[in-house]
Amino acid sequence: MSNFLTVKGVTAGYGDGPAILDDAHMTVQKGKVHCIIGPNGAGKSTLMKAIAGMLPLRKGEIEFKGENIAGQRPDQMLRRGIAFVPQERALFPKMTVRENLKMGGYILNNDKALTSRIDEIFDRFPILKERADQHAGTMSGGQQQTLAMARTLILRPEVVMFDEPSLGLAPKIVREMFGIVRMIADTGVTVLLVEQNAVMGLKNADWGVVLDLGRTLFEGPSAEVLADPRIQELYLGGRRAA
Amino acid sequence: MSDTMQETSAVLEARKAYNETLRIKADQTRATWFPITLMILLMALPLLQFTGNYNYMLHMVLLTASYVAMASSWNILGGFAGYISLGHNVFFCIGGYFAGMLVARYGWSGIALAPLAGLVAALFGYAIGLITLRVRGPSFIISSIALVMIARLLFDHWKFVGGANGVTLPPTELSVQWAKLPYYYAMLFIAAFTVWCSYKIKHSKFGLGLRAISKDEIKAEAAGIDTRFYKVTAFALSAFFVGMTGAVWGEYLTYIRPSIFLVILIAAYMVLMCILGGKGTIAGPVIGAILLTAFNEFFVATMGASELNILGTGVIMAVCLMFFPHGIVGTLARKGKLPKILNWD
Amino acid sequence: MDQIIQVAVLGIGLGGVFALMGSGLSLVFGVMRIVNLAHPSLIIGGAYIAYWGFKLYGIDPLIMLPVCAVILAVTGILFYKVFFERDAKSATYSEMTVLLTFAIAMIVEGALGAAFSNTQRVTSPVYATDAFFIGDVFIPKGQLYAGIVSIVIIGLLAAFLKYSRLGYAIRATTQNREAAALLGVNVNMVGLMSFAIGIGLAGAAGALTSFVFSFFPAKHWEWVAVLMSLVVMGGMGSILGTVIAAFSLSIVAAFVGTWIGSTWSTMTFFLALFLVLLFRPQGLFGEKPELV
Numbered sequence: 001m002s003n004f005l006t007v008k009g010v011t012a013g014y015g016d017g018p019a020i021l022d023d024a025h026m027t028v029q030k031g032k033v034h035c036i037i038g039p040n041g042a043g044k045s046t047l048m049k050a051i052a053g054m055l056p057l058r059k060g061e062i063e064f065k066g067e068n069i070a071g072q073r074p075d076q077m078l079r080r081g082i083a084f085v086p087q088e089r090a091l092f093p094k095m096t097v098r099e100n101l102k103m104g105g106y107i108l109n110n111d112k113a114l115t116s117r118i119d120e121i122f123d124r125f126p127i128l129k130e131r132a133d134q135h136a137g138t139m140s141g142g143q144q145q146t147l148a149m150a151r152t153l154i155l156r157p158e159v160v161m162f163d164e165p166s167l168g169l170a171p172k173i174v175r176e177m178f179g180i181v182r183m184i185a186d187t188g189v190t191v192l193l194v195e196q197n198a199v200m201g202l203k204n205a206d207w208g209v210v211l212d213l214g215r216t217l218f219e220g221p222s223a224e225v226l227a228d229p230r231i232q233e234l235y236l237g238g239r240r241a242a
Numbered sequence: 001m002s003d004t005m006q007e008t009s010a011v012l013e014a015r016k017a018y019n020e021t022l023r024i025k026a027d028q029t030r031a032t033w034f035p036i037t038l039m040i041l042l043m044a045l046p047l048l049q050f051t052g053n054y055n056y057m058l059h060m061v062l063l064t065a066s067y068v069a070m071a072s073s074w075n076i077l078g079g080f081a082g083y084i085s086l087g088h089n090v091f092f093c094i095g096g097y098f099a100g101m102l103v104a105r106y107g108w109s110g111i112a113l114a115p116l117a118g119l120v121a122a123l124f125g126y127a128i129g130l131i132t133l134r135v136r137g138p139s140f141i142i143s144s145i146a147l148v149m150i151a152r153l154l155f156d157h158w159k160f161v162g163g164a165n166g167v168t169l170p171p172t173e174l175s176v177q178w179a180k181l182p183y184y185y186a187m188l189f190i191a192a193f194t195v196w197c198s199y200k201i202k203h204s205k206f207g208l209g210l211r212a213i214s215k216d217e218i219k220a221e222a223a224g225i226d227t228r229f230y231k232v233t234a235f236a237l238s239a240f241f242v243g244m245t246g247a248v249w250g251e252y253l254t255y256i257r258p259s260i261f262l263v264i265l266i267a268a269y270m271v272l273m274c275i276l277g278g279k280g281t282i283a284g285p286v287i288g289a290i291l292l293t294a295f296n297e298f299f300v301a302t303m304g305a306s307e308l309n310i311l312g313t314g315v316i317m318a319v320c321l322m323f324f325p326h327g328i329v330g331t332l333a334r335k336g337k338l339p340k341i342l343n344w345d
Numbered sequence: 001m002d003q004i005i006q007v008a009v010l011g012i013g014l015g016g017v018f019a020l021m022g023s024g025l026s027l028v029f030g031v032m033r034i035v036n037l038a039h040p041s042l043i044i045g046g047a048y049i050a051y052w053g054f055k056l057y058g059i060d061p062l063i064m065l066p067v068c069a070v071i072l073a074v075t076g077i078l079f080y081k082v083f084f085e086r087d088a089k090s091a092t093y094s095e096m097t098v099l100l101t102f103a104i105a106m107i108v109e110g111a112l113g114a115a116f117s118n119t120q121r122v123t124s125p126v127y128a129t130d131a132f133f134i135g136d137v138f139i140p141k142g143q144l145y146a147g148i149v150s151i152v153i154i155g156l157l158a159a160f161l162k163y164s165r166l167g168y169a170i171r172a173t174t175q176n177r178e179a180a181a182l183l184g185v186n187v188n189m190v191g192l193m194s195f196a197i198g199i200g201l202a203g204a205a206g207a208l209t210s211f212v213f214s215f216f217p218a219k220h221w222e223w224v225a226v227l228m229s230l231v232v233m234g235g236m237g238s239i240l241g242t243v244i245a246a247f248s249l250s251i252v253a254a255f256v257g258t259w260i261g262s263t264w265s266t267m268t269f270f271l272a273l274f275l276v277l278l279f280r281p282q283g284l285f286g287e288k289p290e291l292v
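Residue numbers (the working numbering), protein chains in the order written: chain A, 1 to 242; chain B, 1 to 345; chain C, 1 to 292.
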């Protein structure tokens, strides 16, 4: 179980800048929903980018199914089954929904397989089928986020990472997004989430990771994280204190 | 928590030490005597005329001085505010034509008219800036090129100013030996004045605002800088000195013609001189102007072909941009190896 | 009435050529965020290839067109490798790249000038000076052919972008470089291909230009401003916008040329540029409120 995906002592930053991640670690279990929380600038998004292969590690390992995959390119990660949806603007606004989904299967390079997989996606997300020939940029925020998340499924990944899927969405739509996350996890796909709204994120997750100053402060079952008084005080807005 | 506190205080210590070294550096590197001495030497240079004919040398200094003025002027907009104009020769042209026409019609002195010509160019700069500075980056650069094309079309077909043939101006009545002197001193003065002004601008609140704009315009605006006013004013100022140069240059050549003002190569030189010397520095445009004028003269003298000249200019520009984007002064300053005499900032 | 049709037809013919010139420029800008000021000088390069093909071997410029396109495409790849690959990695646009293309334009102009001198040239296949008459409407064959070929090439380009795998990758990279890279698109390769295609289109436009306009190495400055006006008006990077701007302005320019004077027809483009900057800085078809 613990041999699925492990982040070990990862240190990373942008360009010559300071280290945003400083000895971060994380254990990812197959088929579970994991939520990474922490204040602004804690390194949550950076951790995801590091796993997705978008920035080189200065130190540490990312072990996936018993193999160190640190230092690989995004497309190599994708081929291994790790997909990532960055915060906001993850879509191609002037391409149609169908074209966006086709881009999701870009590395398949097989039109026939792609068409049938897109049809599968349309069956699971009827709203996307309705909008198939509409430009992605003209849809509502919730629909765009749905498309971005659904797009990762084209490649039938093992791990999907969503960076703040609830950003800028109305509460009702946010609940829908978490519904989709759960639905994805129920098919056996492992999910990693970054959430600004920590309580909401943890309630919808199985495993919680608290990140601050680029370090992992705590990780464990999300119920435990939610119940921990120290974390409540510092990160969950339990009590206003210094 | 106490760990972080200690780390923080270590950072503060480091910052203090760093600021200290900066202060020491700034103290060491002031050498105002150098530009002043240089200026005195150049003022005295015409004394050589008593001993023989040094007109060629005077011409070269005059030419260099005109480029020093234009490049330094360009630097106010391009170097400080970060708006690259490839159409600044339009103001060169406006200044030259404004003074030139008054010289031709009424026999006034182009040198005396230079400040007025600069003002006219600045007014045009202000008006044009109001339109073109609405956009940034590539769109602005494109609009500046379009400006040259528009000016060329207008001046080529404007009968009153002689169209493409231009207007011949009355030559000076001085003897050959002394004919260049008024223009020599005028141009020298304009160049020195421009460099001095650009120094003053850089160290003013206005200059600080311009640099903020070049770093991040949106943040500058959020910080309460009236970016539009700043940019347009910078544009007008940088048109002013170029316009003055044009007024003197036209009278010196004794003719005004679109093809001497409105060729893209002149605009290219202004940009290239600044980049070669160091965009945004005070000494950079001066050094760039000296080097490029010398190189140009050498090129024309040895090869003679203007096509090869364009090719050579392009190559130098490409090499500079790719390998020394900060220019001579900028690169040396970054390495902390800038000689005192070149630090005019 | 006949005259109106007449002028409109001429405008459409020229519009096609300008649209072809501008679409390559727009493609490169879209993918690389580089305003390639050297584009028009490369068009002149293409025109010279067609010119010498005709002059030395009597090959029709329309047949030389693919040759010009391929030679220029290779040049484009070369330029990308030498000048832009390093910058492409940072994927950030800077004024420096514009100036770099300005320098390249000077290099190309200087090299062409040194090799072929600054005399005006024009390729003269028979049709270049021939014309059709439909009633009283006079249609010069040269412009007609050039217009038709341009429209066909632009159609092919549009189909390529719409349906091919590389076309998808190019469009995706244009719209969202980071997301494209995350989905496995090799954005560097896409940049290289966009250069090859964009400059290749410049070569094709050059072949057509060689018998429509007389040309000389320094002529490209005239086109820089015209083509850039089209790209800005089309909304920086929107090929469709560029094409529409090319056709509409060319038609207006043709009327200006006929009724006000031929010297003022290019003024149409510059004035339109300034009007757009004044009233709709993001371009007619651009969406971003502020340009990069």
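Hints were generated in silico from the structure; no laboratory data involved.
Any given hint could turn out to be false.
Stretch-level coverage of chain B by chain C, calculated; a stretch enters the list once three of its residues show a Cβ under 8 Å from a Cβ in chain C [unchecked claim]:
| no. | stretch |
| --- | --- |
| 1 | 123-134 |
| 2 | 148-154 |
Keeping only pairs whose Cα atoms sit at most 30 Å apart, straight-line, the calculated BS3-like set for lysine-lysine is [said to hold, decoys possible]:
| no. | chain 1 | residue 1 | chain 2 | residue 2 |
| --- | --- | --- | --- | --- |
| 3 | A | Lys94 | C | Lys55 |
| 4 | A | Lys59 | A | Lys94 |
| 5 | B | Lys335 | A | Lys94 |
| 6 | C | Lys81 | A | Lys112 |
| 7 | B | Lys337 | B | Lys215 |
| 8 | B | Lys335 | C | Lys81 |
| 9 | A | Lys129 | C | Lys162 |
| 10 | B | Lys335 | B | Lys205 |
| 11 | A | Lys129 | A | Lys112 |
| 12 | A | Lys8 | A | Lys59 |
| 13 | A | Lys203 | A | Lys32 |
| 14 | C | Lys162 | B | Lys215 |
What the simulated footprint calls covered on chain C by chain A, stretch by stretch (three residues with Cβ under 8 Å from a Cβ of chain A suffice, anywhere in the stretch; the number is not a length) [to be verified]:
| no. | stretch |
| --- | --- |
| 15 | 182-192 |
| 16 | 250-256 |
Just so you know, even glycine gets a beta-carbon here, dropped at the ideal spot from N, CA and C.
Now the hints, each set against the structure:
Judged by the Cβ-Cβ criterion of 8 Å, the stretch 123-134 of chain B is covered by chain C as claimed, because 3 of its residues qualify and three suffice. Figure legend: the stretch 148-154 of chain B, annotated as covered by chain C; annotation consistent (4 residues with Cβ-Cβ distances under 8 Å, at least 3 required). Straight-line distance between C-alpha atoms of Lys94/A and Lys55/C comes to about 46 Å, which puts the hinted pair past the 30 Å bound. Using a Cα cut-off of 30 Å, the hinted pair Lys59/A and Lys94/A is violated, with the two alpha carbons roughly 39 Å apart.
A hinted pair counts as satisfied when its Cα atoms are at most 30 Å apart, and Lys335/B with Lys94/A does not qualify at roughly 46 Å. Restraint check for Lys81/C and Lys112/A: not satisfied, since their Cα atoms lie roughly 35 Å apart, outside the 30 Å limit. For the given pair, Lys337/B sits about 24 Å from Lys215/B by alpha-carbon distance, which is consistent with the 30 Å threshold. Of the supplied pair hints, the one linking Lys335/B and Lys81/C holds, its CA atoms being roughly 29 Å apart against a limit of 30 Å.
For the suggested pair Lys129/A and Lys162/C, the alpha carbons sit about 20 Å apart, so the restraint of at most 30 Å is met. Taking the CA atoms of Lys335/B and Lys205/B, the gap is about 27 Å. The hint holds against a cut of 30 Å. In summary, the hint linking Lys129/A to Lys112/A is supported, as the alpha carbons are separated by about 18 Å, within the 30 Å threshold. Only pairs whose Cα atoms come within 30 Å are accepted, and Lys8/A paired with Lys59/A is accepted, the gap being roughly 9 Å.
This hinted pair checks out: Lys203/A and Lys32/A have alpha carbons roughly 13 Å apart, not beyond 30 Å. The hinted pair formed by Lys162/C and Lys215/B fails the criterion: a straight-line CA distance of about 38 Å is larger than 30 Å. Taking a C-beta to C-beta cut-off of 8 Å, the stretch 182-192 of chain C contributes 5 residues in contact with chain A, enough for the three needed, and the coverage statement holds. With a threshold of 8 Å between beta carbons, the proposed coverage of the stretch 250-256 of chain C by chain A is violated, since 0 of its residues qualify and at least three are required.
Hints 3, 4, 5, 6, 14 and 16 from the earlier list are contradicted by this structure; the remaining hints agree with it.
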